[in-house]
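> Listed below are the residues making up each chain.
Protein chains: 2
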Amino acid sequence: MLAKKYQEMLSAKSVIRSLSEYATERGKQIGYENVFDYSLGNPSVEVPQSYTDTLIAMLRDENSMALHGYSPTLTIPAVREAVAENLNRRFGMNYQKEHIFMVSGAAGAIAHAIRLVTSPGDEILTFAPFFPEYHPYVDLSGACLRVVPAHTEDFQIHFEAFDAMMNERVMAVLINTPNNPSGVVYSAQTLQHLSAYLHEKQEEYGHEIYLISDEPYREIAFDGKSVPYPANYYENTITCYSWSKSLSVPGDRIGYVAVHPACPDAELMIQMCGQISRGIGHNCPTAMVQLAVAKNLDAVADLSVYETNRNILYDELVSLGFTVVRPAGTFYIFPKALEEDAVSFCEKAKKYDLILVPGDSFGCPGYFRMAYCIDTEKVERSLDALRRFVREEYQSS
Amino acid sequence: MLAKKYQEMLSAKSVIRSLSEYATERGKQIGYENVFDYSLGNPSVEVPQSYTDTLIAMLRDENSMALHGYSPTLTIPAVREAVAENLNRRFGMNYQKEHIFMVSGAAGAIAHAIRLVTSPGDEILTFAPFFPEYHPYVDLSGACLRVVPAHTEDFQIHFEAFDAMMNERVMAVLINTPNNPSGVVYSAQTLQHLSAYLHEKQEEYGHEIYLISDEPYREIAFDGKSVPYPANYYENTITCYSWSKSLSVPGDRIGYVAVHPACPDAELMIQMCGQISRGIGHNCPTAMVQLAVAKNLDAVADLSVYETNRNILYDELVSLGFTVVRPAGTFYIFPKALEEDAVSFCEKAKKYDLILVPGDSFGCPGYFRMAYCIDTEKVERSLDALRRFVREEYQSS
Numbered sequence: 005m006l007a008k009k010y011q012e013m014l015s016a017k018s019v020i021r022s023l024s025e026y027a028t029e030r031g032k033q034i035g036y037e038n039v040f041d042y043s044l045g046n047p048s049v050e051v052p053q054s055y056t057d058t059l060i061a062m063l064r065d066e067n068s069m070a071l072h073g074y075s076p077t078l079t080i081p082a083v084r085e086a087v088a089e090n091l092n093r094r095f096g097m098n099y100q101k102e103h104i105f106m107v108s109g110a111a112g113a114i115a116h117a118i119r120l121v122t123s124p125g126d127e128i129l130t131f132a133p134f135f136p137e138y139h140p141y142v143d144l145s146g147a148c149l150r151v152v153p154a155h156t157e158d159f160q161i162h163f164e165a166f167d168a169m170m171n172e173r174v175m176a177v178l179i180n181t182p183n184n185p186s187g188v189v190y191s192a193q194t195l196q197h198l199s200a201y202l203h204e205k206q207e208e209y210g211h212e213i214y215l216i217s218d219e220p221y222r223e224i225a226f227d228g229k230s231v232p233y234p235a236n237y238y239e240n241t242i243t244c245y246s247w248s249k250s251l252s253v254p255g256d257r258i259g260y261v262a263v264h265p266a267c268p269d270a271e272l273m274i275q276m277c278g279q280i281s282r283g284i285g286h287n288c289p290t291a292m293v294q295l296a297v298a299k300n301l302d303a304v305a306d307l308s309v310y311e312t313n314r315n316i317l318y319d320e321l322v323s324l325g326f327t328v329v330r331p332a333g334t335f336y337i338f339p340k341a342l343e344e345d346a347v348s349f350c351e352k353a354k355k356y357d358l359i360l361v362p363g364d365s366f367g368c369p370g371y372f373r374m375a376y377c378i379d380t381e382k383v384e385r386s387l388d389a390l391r392r393f394v395r396e397e398y399q400s401s
Numbered sequence: 005m006l007a008k009k010y011q012e013m014l015s016a017k018s019v020i021r022s023l024s025e026y027a028t029e030r031g032k033q034i035g036y037e038n039v040f041d042y043s044l045g046n047p048s049v050e051v052p053q054s055y056t057d058t059l060i061a062m063l064r065d066e067n068s069m070a071l072h073g074y075s076p077t078l079t080i081p082a083v084r085e086a087v088a089e090n091l092n093r094r095f096g097m098n099y100q101k102e103h104i105f106m107v108s109g110a111a112g113a114i115a116h117a118i119r120l121v122t123s124p125g126d127e128i129l130t131f132a133p134f135f136p137e138y139h140p141y142v143d144l145s146g147a148c149l150r151v152v153p154a155h156t157e158d159f160q161i162h163f164e165a166f167d168a169m170m171n172e173r174v175m176a177v178l179i180n181t182p183n184n185p186s187g188v189v190y191s192a193q194t195l196q197h198l199s200a201y202l203h204e205k206q207e208e209y210g211h212e213i214y215l216i217s218d219e220p221y222r223e224i225a226f227d228g229k230s231v232p233y234p235a236n237y238y239e240n241t242i243t244c245y246s247w248s249k250s251l252s253v254p255g256d257r258i259g260y261v262a263v264h265p266a267c268p269d270a271e272l273m274i275q276m277c278g279q280i281s282r283g284i285g286h287n288c289p290t291a292m293v294q295l296a297v298a299k300n301l302d303a304v305a306d307l308s309v310y311e312t313n314r315n316i317l318y319d320e321l322v323s324l325g326f327t328v329v330r331p332a333g334t335f336y337i338f339p340k341a342l343e344e345d346a347v348s349f350c351e352k353a354k355k356y357d358l359i360l361v362p363g364d365s366f367g368c369p370g371y372f373r374m375a376y377c378i379d380t381e382k383v384e385r386s387l388d389a390l391r392r393f394v395r396e397e398y399q400s401s
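So the sequence lines, in the order shown, correspond to chains A and B. Convert by adding 4 to the 1-based position in the first sequence; the result is the number in the working numbering. Convert by adding 4 to the 1-based position in the second sequence; the result is the number in the working numbering.
No lab work stands behind these hints: they were computed from the structure. Beta carbons are placed, not taken as given, at the ideal position from N, Cα and C, and that holds for glycine. A few of these clues could be false.
[To be verified] As a list, the in silico SDA-like pairs of lysine to any residue whose alpha-carbon atoms are at most 20 Å apart:
#1 A:K8 - B:E271
#2 A:K352 - A:R385
#3 A:K9 - B:K205
#4 B:K205 - A:K32
#5 A:K17 - B:Y74
#6 A:K229 - A:S191
#7 B:K8 - A:A270
#8 B:K9 - A:K229
#9 A:K8 - B:L14
#10 B:K8 - A:L6
#11 B:K355 - B:N38
#12 A:K352 - A:R395
#13 B:K17 - A:G278
#14 A:K382 - A:N315
#15 B:K17 - A:T77
#16 B:K9 - A:K32
#17 A:K8 - B:E127
#18 A:K354 - A:F326
#19 A:K17 - B:D269
#20 A:K352 - A:N315
#21 A:K9 - B:D269
#22 A:K32 - B:P81
#23 B:K340 - B:H155
#24 A:K9 - B:A270
[To be verified] Output of the computed footprint for chain B on chain A, the stretches with three or more beta carbons under 8 Å from beta carbons of chain B:
#25 39-51
#26 263-275
#27 287-300
#28 352-366
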């Protein structure tokens with residue numbers, strides 16, 4: 005008999021995917037260049053030439069059996085070492101290769117992190133607004149995801165609501181900074197507060213509470229500011245990274261899990277990742293991709309287009325009267341809709357070929373997400389549609 | 005709290021890995037060229053040049069955002085279509101792209117297949133001798149793997165023992181032909197018998213029983229013979245393939261799941277694979293690797309060395325008096341040890357720097373595996389050690 009739970013998931017289709025498919029269909033009618041498709045978070049900048057050059061050189065020059073051979077169970081040691089050194093230099097950490105495990109992107113990283121620190125029935129808390137894929141990631145592991153309501157003033161953490169939901173079954177807290185969908189970066193103050201609170205609760209419950217920190221947008225930060233590194237604030241942090249956005253290579257499926265060296269049994273945790281991989285059939289990301297990122301740890305794609313787009317959109321939204329928190333990173337913005345029902349708001353926007361995603365599935369009804377990983381030229385052309393939409397639907401009566 | 009089950013797995017270390025590590029250590033003392041390391045099943049032939057050329061050309065010529073972009077949820081349609089057409093041409097099937105799902109190697113394929121057709125508590129039967137990794141693959145999904153004893157005369161299926169273990173909770177049967185560790189290819193007669201038996205049991209139990217067919221060694225067949233394709237014999241077949249061996253690219257992590265078009269809800273099953281991927285964090289194999297194999301579906305590495313090695317080893321083992329079934333494919337041979345305890349036999353072999361793997365973990369005590377994916381020159385040099393080992397340990401008294 006076919007497994008029921010996966011069949012049921014199919015009927016609950018992703019809102020983002022559906023809107024993206026609508027945009028593609030609409031594009032066939034009026035030309036995709038005329039659809040202001042803010043639905044999908046796909047990187048829209050070129051891959052750094054150095055990354056491409058590295059891959060070509062390896063394919064041309066290296067022994068094919070070595071380049072395409074099996075990775076060891078714990079992934080390629082030299083790659084793990086290079087990642088550890090890079091993190092130590094950038095964030096003042098003291099990782100060794102024994103704290104790093106290479107994975108197939110952030111989804112793979114989170115799949116390992118969850119299984120590492122929870123058993124079926126345990127709870128994981130996350131904070132709205134949150135990436136809706138966290139639900140299948142956590143739920144299908146057997147653990148249970150519960151969502152703390154948003155602190156809508158600034159999309160930092162709503163500590164009162166958090167405290168109301170905290171309980172002894174919570175084994176991990178899952179954060180995402182810079183945040184999809186809000187674009188907000190958790191401040192040092194937020195992370196200090198979070199750390200103090202989790203320390204207190206660990207003491208109270210007599211067990212570890214791990215911070216699973218999902219950081220694929222770490223390199224997309226605006227206004228010249230740096231992003232506070234959560235593991236600098238809390239020892240029991242499992243950092244989940246993906247190069248999908250910083251190198252613009254989501255199809256390559258490459259990232260890492262980094263366990264804070266101060267975690268009890270930190271090295272054991274990485275060895276356990278090797279066993280988790282056997283159980284879920286990962287068995288290492290593509291070897292040549294591991295090797296290629298290790299040689300491009302300081303490379304980043306030209307991410308400046310995202311800041312340019314943020315500036316244009318934020319200014320326009322503010323001038324049109326939207327309530328909106330200014331994103332400090334990512335390629336998302338998360339304004340308040342002009343009516344209570346964001347689903348209805350986004351439906352009306354379609355008339356103007358503006359594809360916006362309602363905030364409901366991000367745990368934040370009444371808001372909507374725009375993914376501005378598109379050409380600046382198109383962002384500029386979309387402003388007129390945005391103005392007409394607001395004027396005709398919300399200012400005409 | 006760290007998940008107990010993965011910690012426990014660490015204490016049950018793989019026998020194969022331990023022997024391989026021993027061989028590496030021993031190599032540091034006497035030179036690895038002097039260690040006759042038959043432990044690991046790592047391909048030992050060059051990657052076809054056409055595959056390398058394809059990757060280089062794509063990296064050089066194609067748009068980087070397209071080449072490194074996200075795969076769709078169900079993996080790249082053009083790749084799925086090419087795989088379907090290739091299978092149809094070679095095996096007279098009628099797959100469409102809707103029946104193909106690209107995965108990260110055979111481990112990924114099996115991880116999806118198991119979750120597709122079982123729920124926790126269901127049983128999967130497999131046949132000794134079997135690949136020991138099937139245990140973590142199945143057990144960690146929540147299903148239960150039970151092993152049917154071997155038919156040691158020819159390592160085809162022991163149908164009497166199979167019948168004795170069959171019951172209503174069995175939702176799938178997992179086979180591996182050509183087989184690791186025996187090198188045996190299931191005959192058309194075996195597959196016909198298996199099909200008839202499973203049809204009867206489906207009728208009796210009133211539910212489907214799926215055949216999960218793990219076929220990474222399909223292209224390594226000897227004596228000019230072809231390998232019967234299990235899906236030609238049984239409709240409810242889920243074929244799991246990996247290019248690790250045929251293209252010599254185990255580090256690239258690339259394979260597919262092919263659902264027989266006659267399966268009830270065959271297309272739904274592939275859609276469910278997309279949902280399973282979300283739950284276990286796969287989210288598609290590396291996109292450029294998907295694209296590269298699609299352009300090399302008729303390429304194979306020069307696999308002739310494996311047949312040469314098979315001939316040398318089989319003849320020598322027979323002349324030394326071993327009871328051994330002649331492998332028809334793979335790069336394994338699985339003779340009977342010269343004493344009842346194969347662990348003791350393999351331990352003694354170490355004195356002669358022969359690294360052999362006892363059959364116990366393959367579900368077949370008293371036998372041992374030799375993985376002859378090594379240079380022919382080394383196989384030839386090992387014969388003297390093999391002769392001395394047999395003479396001094398088993399013929400001297």
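> Of the hints given before, which are not true for this structure?
3, 4, 8, 9, 10, 16, 20 and 28
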